[in-house]
Amino acid sequence: MNPRDVVITGIGLVSSLGEGPEAHWQRLTAPSPAPVLNAERFAPYSVHPLPEIDWNLQIAKRGDQRQMETWQRLGTYAAGLALDDAGIKGDEELCAAMDMVVAAGGGERDMTVDAAILAASDTRADRDVLLNEKLTTELRPTLFLAQLSNLLAGNISIVHKVTGSSRTFMGEEGAGISAVETAAARIRSGQSTHVLVGGAFQTEHPDMLLGYELGGYLHRGGWKSVWKRNGSEGGGVVTGSGGAFLVLEQREHAEKRGRRIYATLGPVVSARSRRSRGELAAGIESLLDKVGLPSGPLLAISAASGSHEATAAEKAALAARADLAVRGFTSLTGHMKEAQFPFAVALAALAVDHKTAYPAFDIESERPFGEVPRQVLATAIGYHHFEGMALVSAAD
Amino acid sequence: MTSLKDHLGRPVVAVTGIGVVTSLGVGKEENWAALTAGKSGIHPITRFPIDHLNTRIAGTVDFLASSSKGASALTYELAQTAALEAVTQSGIDATDFGGPLFLASPPMELDWHDRFALHEAAAGEDEGARLLAAAQRLNSLDMFGSSQFGYIADKLADQFGATGLPITLSTACASGATAIQLGVEAIRRGECDRALSIGADGSATAEALIRFSLLSALSTNNDNPEKASKPFSKDRDGFVLAEGSAALVLESLESALARGATVLGILRGCGEKADDFHRTRSKPDGSPAIGAVKAALADAGLKEDEIDYINAHGTSTPENDKMEHMSLSTVFGERIGSIPISSNKSMIGHTLSAAGAIEAAFSLMTMREGVIPPTINYDNPDPAIVLDLVPNTKRVAKVGTVLSNSFGFGGQNTCLVMAREPV
Numbered sequence: 480m481n482p483r484d485v486v487i488t489g490i491g492l493v494s495s496l497g498e499g500p501e502a503h504w505q506r507l508t509a510p511s512p513a514p515v516l517n518a519e520r521f522a523p524y525s526v527h528p529l530p531e532i533d534w535n536l537q538i539a540k541r542g543d544q545r546q547m548e549t550w551q552r553l554g555t556y557a558a559g560l561a562l563d564d565a566g567i568k569g570d571e572e573l574c575a576a577m578d579m580v581v582a583a584g585g586g587e588r589d590m591t592v593d594a595a596i597l598a599a600s601d602t603r604a605d606r607d608v609l610l611n612e613k614l615t616t617e618l619r620p621t622l623f624l625a626q627l628s629n630l631l632a633g634n635i636s637i638v639h640k641v642t643g644s645s646r647t648f649m650g651e652e653g654a655g656i657s658a659v660e661t662a663a664a665r666i667r668s669g670q671s672t673h674v675l676v677g678g679a680f681q682t683e684h685p686d687m688l689l690g691y692e693l694g695g696y697l698h699r700g701g702w703k704s705v706w707k708r709n710g711s712e713g714g715g716v717v718t719g720s721g722g723a724f725l726v727l728e729q730r731e732h733a734e735k736r737g738r739r740i741y742a743t744l745g746p747v748v749s750a751r752s753r754r755s756r757g758e759l760a761a762g763i764e765s766l767l768d769k770v771g772l773p774s775g776p777l778l779a780i781s782a783a784s785g786s787h788e789a790t791a792a793e794k795a796a797l798a799a800r801a802d803l804a805v806r807g808f809t810s811l812t813g814h815m816k817e818a819q820f821p822f823a824v825a826l827a828a829l830a831v832d833h834k835t836a837y838p839a840f841d842i843e844s845e846r847p848f849g850e851v852p853r854q855v856l857a858t859a860i861g862y863h864h865f866e867g868m869a870l871v872s873a874a875d
Numbered sequence: 162m163t164s165l166k167d168h169l170g171r172p173v174v175a176v177t178g179i180g181v182v183t184s185l186g187v188g189k190e191e192n193w194a195a196l197t198a199g200k201s202g203i204h205p206i207t208r209f210p211i212d213h214l215n216t217r218i219a220g221t222v223d224f225l226a227s228s229s230k231g232a233s234a235l236t237y238e239l240a241q242t243a244a245l246e247a248v249t250q251s252g253i254d255a256t257d258f259g260g261p262l263f264l265a266s267p268p269m270e271l272d273w274h275d276r277f278a279l280h281e282a283a284a285g286e287d288e289g290a291r292l293l294a295a296a297q298r299l300n301s302l303d304m305f306g307s308s309q310f311g312y313i314a315d316k317l318a319d320q321f322g323a324t325g326l327p328i329t330l331s332t333a334c335a336s337g338a339t340a341i342q343l344g345v346e347a348i349r350r351g352e353c354d355r356a357l358s359i360g361a362d363g364s365a366t367a368e369a370l371i372r373f374s375l376l377s378a379l380s381t382n383n384d385n386p387e388k389a390s391k392p393f394s395k396d397r398d399g400f401v402l403a404e405g406s407a408a409l410v411l412e413s414l415e416s417a418l419a420r421g422a423t424v425l426g427i428l429r430g431c432g433e434k435a436d437d438f439h440r441t442r443s444k445p446d447g448s449p450a451i452g453a454v455k456a457a458l459a460d461a462g463l464k465e466d467e468i469d470y471i472n473a474h475g476t477s478t479p480e481n482d483k484m485e486h487m488s489l490s491t492v493f494g495e496r497i498g499s500i501p502i503s504s505n506k507s508m509i510g511h512t513l514s515a516a517g518a519i520e521a522a523f524s525l526m527t528m529r530e531g532v533i534p535p536t537i538n539y540d541n542p543d544p545a546i547v548l549d550l551v552p553n554t555k556r557v558a559k560v561g562t563v564l565s566n567s568f569g570f571g572g573q574n575t576c577l578v579m580a581r582e583p584v
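The listed protein sequences derive, respectively, from chains A and B.
In terms of this note's numbering, the first sequence opens at residue 480 and continues consecutively.
In terms of this note's numbering, the second sequence opens at residue 162 and continues consecutively.
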């Protein structure tokens, strides 16, 4: 044990399964965990919708809520849950010294304005002029700010007063991987004592689905586990709204505050395999080697998206290691893009903390695991690019 | 003997390559000549129609192959052009860089022309469903790429042979400085010997312009584009939206010296502090900006009286310039009136995600060349802001250290301290 170990002292989770670590633990360890799906709203695509949320619980001022759309509210809310959980929320001194790395995509565009412009374009040849005409009169500044990637972090600073430093990483799952990796490196090197890190994804907006479907990545048809979508119509990804934030802390700092520690965050590794050259399988292998798997049976929390090629490669790589019992949680939550990796790390920490493994989410594809998980692997193999893994260990 | 470790025992970080593109031109030479001649790159917009627009001027980069191909394509070309110049200058193999990549770039958005194309490719009442149906049918890899936030960095990493997972980041107007800070930190932590930090922004679309216009952030001095950006002047009326890029090859001094590379400057310190006041306005007491400047000085191991020149954020908005002056006055005290300070934005406009990187590149050149670029359009001084702004004409000066400020919308503030020589 090292005083500069990275420990997890706060977890904030939101998904279609509910909110908070305890609710997720209950839902995911139920005898036969079931997904919450909305198959109608964006048919032929299904989404895992947000649960009912009382925003007031984490975003006290209505004025602040009005300045955000759902994505930023969701991230600010999940960040608040993590800060609360770590006993940092409302502690001015701790918040002012806290660093933050947020993994973000973009927020929601105003669909009404966009639709009006597109409809008008049917009868107009001067489309660029049309754009000026409509955008100058119909865009609302508030909504534009609600779209800006870095303003999720901006809102977290405003609402929760986290102001040590603020960085926003972009780039799908990779952003979440780099965010956790950078935060951990800062703590290990003594640059930071406590860092808020995570992301959120709000899928219930056509543009958020478009980001996948332009590349043909969305699954169509009935629900299946992420491991079984190959051969189905579409590209294999079912998206979900949700968010995951972690409070990562230097062990010494957490112990001095007398905080409960969920787990220790061990090595975090990342890569960019050149997939078009067929390097993904080797890339995953090399990450498994680099993260340093302990000997014996090991629980692995996988953020596999269901995306055909990437998930097949991950499935094969993990299956080849006979000691690994994999749990693909995205079958139940849907794909939460930037939040995938922080979510996987959070679920790994919960299993370590509860000294209990999750049951197989897909009995036919996932091996049983009967041991007490002292260490848990978390993986995120991006649906299109970027890969990462982390090893989470028991706190003591 | 040159020390390879800094005052905190961390590896000293050198700059061995610089690349830059702005509305003034491609490359260091062209830019430096224009910048020191006090030339403005701001011009009337021709990229898209200006009907209905309150602001009809910008510092767009109109002379690259991708200049009319949308924000994603142009941002990529800007980034790769600057990176190629920087890596080539460093003497490192430009196809096998062998270090991580940090890219500051604007958030990705599907281009309106693509949106129109999708709309046309399908039918139906529900616009969202219509676009999705078209997306499924068209399956356009180009369009898909431009909607992925990690796409540009992915391509750059491929082209330059960067190692590991590239990081794409946004801290609004501080992004370029943050990209440099991430590179510095990675080297200091011993994760790598070198890093490629890039800031690039080619997102001056009609919609971007309109958005900033609706926030009343832009100058409307349309009749005199070259005069529109007037940082710290009494009649300043907003910033001028602009494009550009800069890349720095950062390298541990030890590695640079070992391979006999030319050291162009030293990245001595980085400091940051977030603001919790408002989404577009900064805290009235300036405490976050003050905190960022102080943190950068402390990180550099320099005292206030050891800064020779300040490269201002100086956006030319009423609020920023006032706040920047107040914050600097607080940190530097009475001496602030006699430290030369200038704003590159008076000539190149506000290059948003690229600004921090471009201004760091110009800061390094200021030290190397011994010439301070002016703050142009300083014809009408603001009596409330008493600074030595190097008004209108360049100044020959020995500059050993620079503070470069970047203060962003959304409350992200980053400051860099650079030095000409290692200690």
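Treat the hints with caution; some may be incorrect.
Cross-link-like lysine-lysine pairs, in silico, PhoX-like; alpha carbons within 20 Å at most [claimed, not checked]:
{"#": "1", "chain 1": "A", "residue 1": "540", "chain 2": "B", "residue 2": "444"}
{"#": "2", "chain 1": "B", "residue 1": "555", "chain 2": "A", "residue 2": "640"}
{"#": "3", "chain 1": "B", "residue 1": "444", "chain 2": "B", "residue 2": "483"}
{"#": "4", "chain 1": "B", "residue 1": "200", "chain 2": "B", "residue 2": "483"}
{"#": "5", "chain 1": "A", "residue 1": "794", "chain 2": "A", "residue 2": "707"}
{"#": "6", "chain 1": "A", "residue 1": "703", "chain 2": "A", "residue 2": "794"}
Examples of chain A residues toward chain B, derived with CB under 7 Å [stated by the list, open to error]:
{"#": "7", "residue": "502"}
{"#": "8", "residue": "505"}
{"#": "9", "residue": "508"}
{"#": "10", "residue": "512"}
{"#": "11", "residue": "608"}
{"#": "12", "residue": "650"}
{"#": "13", "residue": "653"}
{"#": "14", "residue": "664"}
{"#": "15", "residue": "688"}
{"#": "16", "residue": "695"}
If you are wondering where the hints come from, they were derived from the structure by calculation, not from laboratory data.
Backbone N, C-alpha and C fix where the C-beta goes; we use that ideal spot for every residue, glycine too.
Hint by hint, here is what the structure shows:
Proximity of residue 540(A) to residue 444(B) is assessed by CA-CA distance (about 18 Å); at most 20 Å being required, the pair is judged to hold. For the suggested pair residue 555(B) and residue 640(A), the alpha carbons sit about 42 Å apart, so the restraint of at most 20 Å is broken. Between residue 444(B) and residue 483(B), the direct Cα distance comes to roughly 12 Å. Compliance with the 20 Å bound is thereby established for this hinted pair. About 25 Å separates the Cα atoms of residue 200(B) and residue 483(B), which puts this hinted pair outside 20 Å; it is violated.
With a C-alpha separation of about 10 Å, the suggested pair residue 794(A) and residue 707(A) falls inside the 20 Å cut-off, and the hint holds. The straight-line distance between the Cα atoms of residue 703(A) and residue 794(A) is roughly 15 Å, inside the 20 Å bound, and the hint therefore holds. Here the hint on residue 502(A) is broken, as its CB sits about 29 Å from the closest CB of chain B, past 7 Å. Hint status for residue 505(A) relative to chain B: violated, with the closest Cβ pair at about 34 Å, above 7 Å.
For the restraint placing residue 508(A) at the interface with chain B, the shortest Cβ-Cβ distance is roughly 32 Å, beyond the 7 Å limit, so the hint is violated. Taking 7 Å as the C-beta cut-off, the interface hint given for residue 512(A) is violated, the closest approach to chain B being about 29 Å. Checking residue 608(A) against chain B: minimum C-beta separation of about 5 Å stays under 7 Å; hint holds. Among the interface hints, the one on residue 650(A) holds; its C-beta lies about 3 Å from the nearest C-beta in chain B, closer than the 7 Å criterion.
Interface hint at residue 653(A): satisfied, since its Cβ lies 5 Å from the closest Cβ of chain B, which is below the 7 Å cut-off. Taking 7 Å as the C-beta contact cut-off toward chain B, the hint placing residue 664(A) at the interface holds, the least distance being around 6 Å. Nearest Cβ of chain B to the Cβ of residue 688(A): about 6 Å, under the 7 Å cut. The hint holds. Proximity of residue 695(A) to chain B holds as hinted, the smallest CB-CB distance being about 5 Å (cut-off 7 Å).
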